[in-house]
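Student: Line order of the protein sequences matches chains A and B.
Going by my numbering, the first residue of the first sequence is number 561, and it counts up by one from there.
Going by my numbering, the first residue of the second sequence is number 561, and it counts up by one from there.
These are computed hints drawn from the structure, not numbers from a lab.
Owing to the predicted nature of the structure, the values given are computational and were not obtained by experimental measurement.
Mixed in with the good hints, there may be bad ones.
[Stated by the list, open to error] Pairwise CB distance ranges, derived in the manner of DEER restraints: (1) A/Arg-566 to B/Pro-756: 51 to 61 Å; (2) A/Arg-599 to B/Asp-810: 50 to 60 Å; (3) B/Leu-698 to A/Asp-806: 46 to 56 Å; (4) B/Asn-783 to A/Gly-876: 42 to 52 Å.
For every residue, glycine included, the Cβ atom is placed at its ideal position computed from N, Cα and C.
There are 2 protein chains.
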Amino acid sequence: MAEAPRRAYLSGVGMTAFGRHPLRSLSELGREACVAALRDARLSPTAIQAVYCGSALGALIQGETGVGQSVAWELGIHGIPVVNVENACASGATALHLAWRDVAWGIHDVVLAVGVDKGVMPKGSVLKVASSQIETQLGDIFPGLFALIAQKHMQTHGTTLQQMAQVSVKNHYNGSLNPLAQFNKLVTIEQVLNSPMIADPLTLYSCCPSSDGAAAVVVCSPNWLHDHAARALRLAASVLTSGDYDPMRDLTYWDSELRAAAQAYASAGIGPEELDVVEVHDAFTISEIIHCEALGLCEPGKGGPLVASGATALSGRIPVNPSGGLQARGHPPGASGLAQIVEIALQLRGQAQGRQVAGARIGLAQIMGGSKGNDAQACAVHILVNDHSV
Amino acid sequence: MAEAPRRAYLSGVGMTAFGRHPLRSLSELGREACVAALRDARLSPTAIQAVYCGSALGALIQGETGVGQSVAWELGIHGIPVVNVENACASGATALHLAWRDVAWGIHDVVLAVGVDKGVMPKGSVLKVASSQIETQLGDIFPGLFALIAQKHMQTHGTTLQQMAQVSVKNHYNGSLNPLAQFNKLVTIEQVLNSPMIADPLTLYSCCPSSDGAAAVVVCSPNWLHDHAARALRLAASVLTSGDYDPMRDLTYWDSELRAAAQAYASAGIGPEELDVVEVHDAFTISEIIHCEALGLCEPGKGGPLVASGATALSGRIPVNPSGGLQARGHPPGASGLAQIVEIALQLRGQAQGRQVAGARIGLAQIMGGSKGNDAQACAVHILVNDHSV
Numbered sequence: 561m562a563e564a565p566r567r568a569y570l571s572g573v574g575m576t577a578f579g580r581h582p583l584r585s586l587s588e589l590g591r592e593a594c595v596a597a598l599r600d601a602r603l604s605p606t607a608i609q610a611v612y613c614g615s616a617l618g619a620l621i622q623g624e625t626g627v628g629q630s631v632a633w634e635l636g637i638h639g640i641p642v643v644n645v646e647n648a649c650a651s652g653a654t655a656l657h658l659a660w661r662d663v664a665w666g667i668h669d670v671v672l673a674v675g676v677d678k679g680v681m682p683k684g685s686v687l688k689v690a691s692s693q694i695e696t697q698l699g700d701i702f703p704g705l706f707a708l709i710a711q712k713h714m715q716t717h718g719t720t721l722q723q724m725a726q727v728s729v730k731n732h733y734n735g736s737l738n739p740l741a742q743f744n745k746l747v748t749i750e751q752v753l754n755s756p757m758i759a760d761p762l763t764l765y766s767c768c769p770s771s772d773g774a775a776a777v778v779v780c781s782p783n784w785l786h787d788h789a790a791r792a793l794r795l796a797a798s799v800l801t802s803g804d805y806d807p808m809r810d811l812t813y814w815d816s817e818l819r820a821a822a823q824a825y826a827s828a829g830i831g832p833e834e835l836d837v838v839e840v841h842d843a844f845t846i847s848e849i850i851h852c853e854a855l856g857l858c859e860p861g862k863g864g865p866l867v868a869s870g871a872t873a874l875s876g877r878i879p880v881n882p883s884g885g886l887q888a889r890g891h892p893p894g895a896s897g898l899a900q901i902v903e904i905a906l907q908l909r910g911q912a913q914g915r916q917v918a919g920a921r922i923g924l925a926q927i928m929g930g931s932k933g934n935d936a937q938a939c940a941v942h943i944l945v946n947d948h949s950v
Numbered sequence: 561m562a563e564a565p566r567r568a569y570l571s572g573v574g575m576t577a578f579g580r581h582p583l584r585s586l587s588e589l590g591r592e593a594c595v596a597a598l599r600d601a602r603l604s605p606t607a608i609q610a611v612y613c614g615s616a617l618g619a620l621i622q623g624e625t626g627v628g629q630s631v632a633w634e635l636g637i638h639g640i641p642v643v644n645v646e647n648a649c650a651s652g653a654t655a656l657h658l659a660w661r662d663v664a665w666g667i668h669d670v671v672l673a674v675g676v677d678k679g680v681m682p683k684g685s686v687l688k689v690a691s692s693q694i695e696t697q698l699g700d701i702f703p704g705l706f707a708l709i710a711q712k713h714m715q716t717h718g719t720t721l722q723q724m725a726q727v728s729v730k731n732h733y734n735g736s737l738n739p740l741a742q743f744n745k746l747v748t749i750e751q752v753l754n755s756p757m758i759a760d761p762l763t764l765y766s767c768c769p770s771s772d773g774a775a776a777v778v779v780c781s782p783n784w785l786h787d788h789a790a791r792a793l794r795l796a797a798s799v800l801t802s803g804d805y806d807p808m809r810d811l812t813y814w815d816s817e818l819r820a821a822a823q824a825y826a827s828a829g830i831g832p833e834e835l836d837v838v839e840v841h842d843a844f845t846i847s848e849i850i851h852c853e854a855l856g857l858c859e860p861g862k863g864g865p866l867v868a869s870g871a872t873a874l875s876g877r878i879p880v881n882p883s884g885g886l887q888a889r890g891h892p893p894g895a896s897g898l899a900q901i902v903e904i905a906l907q908l909r910g911q912a913q914g915r916q917v918a919g920a921r922i923g924l925a926q927i928m929g930g931s932k933g934n935d936a937q938a939c940a941v942h943i944l945v946n947d948h949s950v
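Looking at chain A on its own, in the form it has when it is part of the complex:
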């Protein structure tokens, strides 16, 4: 990808509470998040020049297509390009990446990215994700795959059950300080280890939930900022990539993530040691450990000791998932990538209340979606900076 000719800024963020919303439609959830983001940006819906809407499960579970247009309709937005995107758990981050492209290349000046999903399914219903694939039919669904990854990480790097459980403990603590998180209860290492086994070694509290919810952000150009006194954050890097598929590869990392991280750091001119706050895709406890390694927050293989040391806690050297992450904030797949951005924005603007990371100025969000040939089908990394000088 060529270098972007101009900067792009995040001028507004918003999200719904994550959790169970059985009586609310996708478009209603999306509307709430967008209204919050537009108010935050002090923008009228009519200022928006394009909309990207990420939803991973809208069609699959709700039987709904055209979700972005339904959200736009609710907002009174019409007559502009609206594109629905699906990249599994990276759908929301993909919507942001496309919005960033539009602004950074001068196609548009003000673009709305929204992510929405209803992941809570009626008891007994079967999720059909990738059900036509031979891997799925043979039982290679996400908990099984990540259990293998965890086993291999334990074997290779000596990662312990206690270290993995500490991810869940930390993120549930953070979630208890986030009023929009799905879970507000603390859990202990013992509770994580003793919760029902899903796929050895992953117990119930080692896995994120399926949730309902929406998140939205407004991306705008430097020109536009000069006319509007917004508290804008600079999008210093936006990287989207797909996997380097290799069924024979080591399970303990993803090439796509190493590549996305390297590209993002190079693009931003920022190294991992400069980050103040990070959100990663903790679909399972082992995931956060591997992402910390891939993002360079510690040495390869040392993600377990990192979390056990408290370095990634709210008060630690480099707080990870201050929002509670997928584990406690919840996980509506299409929305999670943008909910991460909402959290980073609140942190960089000093608005994260009880979970505020003191003096946070540079933040990173990482998410991935889908799986194929031992890599992710999509991996996105975004870096945000509060320049205090816009």
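With chain A's structure known, arrange chain B on it following the hints.
Tutor: Positioned in the frame of chain A, the structure of chain B alone reads:
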């Protein structure tokens, strides 16, 4: 939208036969179309820098997400941005629009757009498109909506059943000359009028089928063309917009289409009188009549007399749907927008065999998707030009 800083070219096209492919997966169909497009462009898959994949029904009917990544996997494409897009029947055209943006704004030099769907459903299964919407629950599904549109057009403009039937007769004739079309049989006006009534006045042969199939195109930059001797066509305009929703509006046209057409003509510096060949979204016979009016191929309200006069036949003044259109080529929703582009490309390159429009140099493709507030949720118009001078 700002003006694009550079030109973009279509360097390769390909598609599968449209029809019933019960034993073939979405990724297999997508692969076949992409391999054809890459061969046509004389390109290795590794030259592709980004992939956009349009599918409207993949998740809904097949329970498949990440279709673009599955297609890329089949092609050996990895490590680049892959984005799945859904904009109902305009999904494939949306994929092309995003590919065009990437190239025209210098983000990438070589981008693949693919559209794929399996629309053929087992007997008795219920399509859930928009099933959560109140309009759908009240019976406002597409055949019903377009029956109302046809009735209103007949009342307002005097359009006749025979004129509408002539659309189907013409398109089935064209389809009989297209080896990749789903239907190769001729129909008569009497057969169209006497086929089973679906929603008065629309009979079975007034409606397009639901089909399986895929289509793909390669978009590339001028720089890249200088290094590769491709038979490239210039993408003179690529417009994507959403509707100006107004539930009280006249049913006999769509504002989004008038706007998209005006933008496309302005962007290309080309008027409707300069077009040599046109593909439109003939989901129902009345649709083609209205699209001919909206695109300025005749006066408003005169689309019925236009088709009856033979002007839009293969040998007429301005041939419309030489491929057979949705009516005869078939309609896998995510693929149709790109199948139109494949047809325009073959026509402009003089490769349309028995259905060749003599001397065709400038072509237009129009498609729309979804419905809300009496307008389309998405409308796309593309104009292609054979410059003979690349």
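Student: Hint by hint, note whether the structure agrees.
Tutor: Evaluated hints:
| no. | hint | in the structure |
| --- | --- | --- |
| 1 | A/Arg-566 to B/Pro-756: 51 to 61 Å | holds (57 Å) |
| 2 | A/Arg-599 to B/Asp-810: 50 to 60 Å | violated (35 Å) |
| 3 | B/Leu-698 to A/Asp-806: 46 to 56 Å | holds (51 Å) |
| 4 | B/Asn-783 to A/Gly-876: 42 to 52 Å | holds (48 Å) |
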